[in-house]
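Undergrad: Could you slot chains C and U onto chain H? The hints should help.
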Amino acid sequence: MQDLVLKDCDTFYGKAQALHGVTLSVSVGQITSIVGRNGAGKSTLLKTLMGLQPLSRGQRLMGDNDLSDRAPHQLNKLGLAYVPEDRQVFPNLTVMENLAVSTFAHRTLEWSADKVLELFPRLGERRTALGGVLSGGEQQMLAIGRALLCNPRFLLLDEPTEGLAPIVVEQLVKAICRIRDAGVGVVLVEQNLSIPLSISDTILALETGRVRWAGPAGQVRDTPTLLDEFIGV
Amino acid sequence: MSTFVIGLSLAALLFILAAGLVLVFGLLGVINLAHGAFYMLGAYVGYQIAAWTGNFWLALALAPVFVAAVAWIAERLTLSKLYDREHYLQFLLTFGLILVINELVRLVWGVGYLRVDAPVLLQGSVDFGTFQVSVYRLFVAFAGLAAAGGLYLVLEKTLIGTVVRAASANSAMVSCLGVNVRRIRSSVFAIGGGLAGFAGVIAAPMVPLSLDMGLIVIIDCFLVIIIGGMGSIRGAVLGAILIGMTRAYGQNFIPQFIDPLTFGVLVAVLLVRPSGIFGRKERMA
Amino acid sequence: MSEKLSFNLTFIVAAVAFLALVPSLGAGERAIYFLSLTLIWGLFAAAFDLSFGVTGLLSFGHAALLGVGAYVFSILTADYGVPWGIGLVAGAATSGLLGLLYGLISMRVGGLFFALVSLAAAELIHILISSTLRDITGGHDGFPAVPRPMIGSSWDFYDNTTFYYLILAIVFVSVLLLAILRSSPFGRLCQGVRLNPVRMTHIGFRIARIRSLALLVSGVFSGISGGLLASLMMFISPETLSWTTSGDVLIMTLLGGAGTLIGPILGALVFETMRDVLSDLTVHWYGLLGLAFILCTIHLPEGLMSLRPGRLLGRLFASRRASKGELETILEGESKWRE
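Top line first, the protein sequences correspond to chains H, C and U. So the first sequence is numbered by this note's numbering: it starts at 1 and just counts up by one. So the second sequence is numbered by this note's numbering: it starts at 234 and just counts up by one. So the third sequence is numbered by this note's numbering: it starts at 519 and just counts up by one.
So that you can see chain H by itself, here it is in the shape it has in the complex (with noise of 0.2 Å):
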């Protein structure tokens, strides 16, 4: 099975550095929860596994594949996929053309449009909306079905939850499950620690671009002040 590696990465934004020796492992069929404050470089972290930023210093891994210098569309096809926390769906497109842009450049294997249907049932009920008038919940249902769509074992998620209501909350937590059930290996980023603690296999804390905390998600259900130094307000 080839882990998804990030080995002692800086990053940049201009002369601003905003990971610092960051080191991270993720499993498929595994749900890895990278959790922080506003700021601490979560986000940054999501976009240079997808090599949305550029690496300045560091390796990025699939198993013994140094990917380190590939560009987004080719780290997608060797199996990554990311939704970033804006969503970003094509608003000009209908749902059913958002989710055909990734039949593109992927051949319909284990996920088909049938079956992101079948995970998220109201994307079908709103097939021919465009991505633009989509709720929040809807959008974030079409993002991550297109995503799905590309037959990743990565899947990057950016704050999946974030202003959504409750009840949306609970279909995608447990559509994450299923996802994970499946043999994605999910990065999931988010500001507090509920949802992580509750789902996550192993939690990464993450503090001005650094890694403070790595390790079973147990660990942190038994000793639950564990990470109040990287997360508490």
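Simulated from the structure, these hints should not be mistaken for lab results. Any given hint might turn out to be false.
Stretch-level coverage of chain U by chain C, calculated; a stretch enters the list once three of its residues show a Cβ under 8 Å from a Cβ in chain C [said to hold, decoys possible]:
{"hint": "1", "stretch": "541–550"}
{"hint": "2", "stretch": "643–657"}
{"hint": "3", "stretch": "761–769"}
{"hint": "4", "stretch": "800–812"}
Among chain H residues calculated to face chain C with C-beta under 8 Å, some are [what the hints assert, rightly or not]:
{"hint": "5", "residue": "72"}
{"hint": "6", "residue": "76"}
{"hint": "7", "residue": "77"}
{"hint": "8", "residue": "93"}
{"hint": "9", "residue": "100"}
{"hint": "10", "residue": "102"}
{"hint": "11", "residue": "105"}
{"hint": "12", "residue": "109"}
{"hint": "13", "residue": "146"}
{"hint": "14", "residue": "150"}
{"hint": "15", "residue": "177"}
Virtual Cβ for every residue (Gly too), placed ideally from N, Cα, C.
TA: Same frame as chain H, but now just chains C and U:
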């Protein structure tokens, strides 16, 4: 009525040109100043093919392909290097392209005026009793219609068209879905060039070929796009009809004031709707 | 990109001192004429940069600003016997008004669309002058017999060297004014409008007014260059109003270094030199220039001025990524004077 058909044929020509510009602008975010130069290149290459083979239809088929190839090469060699830089630099680069293409055309064909004859099939006019209509102009009008229809079908009904539309909205996200956006950019730029070249060949039997034919038509083209709303093909249709008809009827009644008139139409539209009739939010501030 | 007034002034005075001596150093007629032409284009480029490099308004219609000034000057002095100086001022004023009109346009369309509309406007004026108003302007054949000045009985301005000194003086004063303007609070307002128009609006500045004013001034100085050009050549043709002129001044400015005072003037020198030298070698020199321009946008977007020794060292040691931080630093630097 014949004025109406002339207006339609002008509108068709302007639409084919504008559509290419809109496509390129939508995806690459660049206003290609060299679009008029591609148009001119198409006309000259079309002339040459027709001169060698005696076959206008062959010219119509091949010249756009040639221009598309030139556009593709230009994009790969130059424009793509400015992919993630400010838009105004890309804009300026396309200006440089005009100078180079102009010079190449001058090198090969010289400065004189050239003429191309319409194919025998399309010569002459049709008699509708009270008025006569040039066959060729009807052909041009239909060509415009066909182009519009074809573009609509490809953009709305095919997968590649959907991907292009998606990339026009958000190319970074499209690349996160596995699509090599750079290649698509080059292809769209080439298609834009091809459309301009096609317009050039079509226009050749109607206008004298000269080194500044590009400028004459590109300004009208820009007006069409600004009026119709940048980034909107629907807007290009409307803008093309507006400008085409203005030119045709203006030529009939007040030939000395056509240009102020067309400019006046632009000003009027801008006063009422600064982003054009179908304009979306400006892509470039 | 701070406009160091002291640097600019030093350069201007040094350059003018040198140029004033050139005729006595044995320069021939042709060289003097070349320098006269270059000075005029240099002024035009500096005027253009006020709009483009300083205020961020890319105009493809500056040819009209040059040409209208030239024609108004020529018609008044040749057909109506208006004194040379007054004619020049009238030409400059008309161009200034036209610049203001461009400013009005900029209120409705921004950025690159403004470039297109200004192109259309300039072409309109080009057509107006070359055909619609041909009874006044002489049409496509141009307007001949544009006079040189008659100032004082001992100076013969029909002698190119004498006229050269007058051009030098006028251009000197104009560039001086431009230098002062660029470093003045107004100049910095214009920079602000270029760097961050949204923020400027929030702070409370009327960016539409600032832009219009910048275009007005740009027009005035373009008009002066137009009048000088017509008087130098003793002739003006509608060709001067074609898009190639707008393109030429853009090339000069970018090649030399947009956003600096000296860059565009330098660019004018390089351009005119290339025109002179290359046109002897090949008739296709304009295409080569286009190629050079393309390479410039890719590899040297800040023009020759970015090769200044101090800046060159800075660039050698800066990584590609750091250049994005540069913009933030510039923005910060610009906001410092405001706070």
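Undergrad: For each hint, tell me whether it holds in the structure or not.
TA: Right, here's what the structure says about each hint:
no. : hint    : in the structure
1   : 541–550 : violated (count 0)
2   : 643–657 : holds (count 4)
3   : 761–769 : holds (count 3)
4   : 800–812 : holds (count 9)
5   : 72      : holds (5 Å)
6   : 76      : holds (4 Å)
7   : 77      : holds (5 Å)
8   : 93      : holds (6 Å)
9   : 100     : holds (6 Å)
10  : 102     : holds (5 Å)
11  : 105     : holds (3 Å)
12  : 109     : violated (13 Å)
13  : 146     : holds (7 Å)
14  : 150     : holds (6 Å)
15  : 177     : violated (23 Å)
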